[in-house]
Amino acid sequence: MRQSLHRLVVETHGQGLVEITAAIKERLVHVDINEGLLTVYCRHTSASLLIQENADPDVCKDLQTFFAKIVPEGRGLYVHESEGPDDMPAHIRAALTQTQLSIPMRDGELLLGTWQGIYLFEHRREPHRREIVLHVIGE
Amino acid sequence: MRQSLHRLVVETHGQGLVEITAAIKERLVHVDINEGLLTVYCRHTSASLLIQENADPDVCKDLQTFFAKIVPEGRGLYVHESEGPDDMPAHIRAALTQTQLSIPMRDGELLLGTWQGIYLFEHRREPHRREIVLHVIGE
Amino acid sequence: MRQSLHRLVVETHGQGLVEITAAIKERLVHVDINEGLLTVYCRHTSASLLIQENADPDVCKDLQTFFAKIVPEGRGLYVHESEGPDDMPAHIRAALTQTQLSIPMRDGELLLGTWQGIYLFEHRREPHRREIVLHVIGE
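Listed in order, the protein sequences are those of chains V, P and D.
For the first sequence, the positions run 1 to 139 when my numbering is used.
For the second sequence, the positions run 1 to 139 when my numbering is used.
For the third sequence, the positions run 1 to 139 when my numbering is used.
None of these hints come from the bench; they were simulated from the model.
Built from N, CA and C at the ideal position, the CB exists for glycine as well.
The reader is advised that the hints may include incorrect statements.
Some chain P residues judged to face chain D by a derived CB distance under 10 Å, without partners named [as the list claims (entries may be wrong)]: (1) Asp58; (2) Ser102; (3) Leu112; (4) Phe121; (5) Gly138.
Between the sequences and the hints, there should be enough to build the whole structure, so can you do that?
Quick look at the structure:
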């Protein structure tokens with residue numbers, strides 16, 4: 001049994017879902033693990049992770065619209081306002097989605113479903129450098 | 001340290017929670033792992049996973065009612081409509097719950113709490129064959 | 001590769017977020033694992049886990065306010081009422097957050113982001129003894 005750790009930096013450009021499936025697979029190319037488990041971990045509380053359909057980009061738009069509606073932004077809505085009106089909504093949207101995802105591997109490939117992609121969900125309006133940690137264990 | 005991968009197919013019959021605890025335990029019977037970690041992974045974006053109370057079936061009804069209310073179905077509510085009016089709500093409900101769950105094991109048993117059951121949450125109106133991957137690691 | 005299991009009991013005092021980062025780190029002090037993966041598992045369906053900002057306590061207040069608003073309590077709102085008006089909302093709030101979290105480790109430390117803390121989110125009004133299982137694997 002072996003394991004390895006990898007770091008992935010994702011540049012975001014305001015609110016929205018950024019697919020990171022290809023970037024993750026690229027990190028795994030030189031990892032000599034046939035069968036095992038990949039854990040994707042997001043080191044932030046105003047960005048999060050999501051596995052979603054990567055066939056129709058409208059799915060990402062609708063997801064963003066939904067989270068904007070259910071967790072509205074605006075002055076006076078939250079006690080925690082010091083980091084801007086989009087900060088507390090970002091924390092709540094992150095709480096409603098995932099900080100970590102684990103995906104089994106077989107034959108050196110992630111066992112994602114046919115239409116599944118791994119996304120970083122940026123919840124802040126400004127661009128950010130988001131740090132993702134990958135942990136792989138297996139043999 | 002050993003690991004193994006298993007596949008579980010769950011037939012769903014429209015929207016609702018299907019308990020899969022017994023089916024998962026059955027797969028683990030012949031896995032010779034005493035202490036370790038089980039990862040349950042759902043290969044879909046319109047069905048998801050949930051650990052919930054399995055004592056009173058009303059809990060599952062209330063969960064379903066809540067998600068139906070908070071993520072309504074209907075023409076004109078979403079951009080992504082091509083796969084039917086229940087498809088985009090299914091993706092959002094999946095985003096609000098889990099695609100993956102990991103549960104520690106001891107003495108060859110899952111360390112679920114007394115009232116915890118593992119559920120597949122079907123979000124589509126039509127019956128589907130849902131594919132679940134189980135990864136176990138331990139010794 | 002080695003693994004170990006640990007038990008953490010958290011006393012809660014009604015609804016709210018209780019930071020358990022320090023208690024988890026304390027359990028890991030004597031675990032001789034440099035690089036690996038920690039899994040935190042909550043054995044309950046009316047309390048859950050969350051990774052959130054631990055710099056400003058107002059973030060926890062706003063999170064609690066949001067979940068109280070989106071999943072209201074009250075007689076007549078849910079079918080499952082036998083365990084009290086705060087029980088079914090507790091199950092739904094748990095479903096919207098996490099029962100399990102996995103965090104990579106390096107140099108014997110959890111790879112949490114600068115502002116990330118691990119929280120137990122108590123959803124019931126009465127105090128409870130909550131049982132958390134920690135599984136660590138690595139070397």
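Item to check | Numbered hints the structure breaks, given as an ascending list | outcome: No hint contradicted; all consistent.
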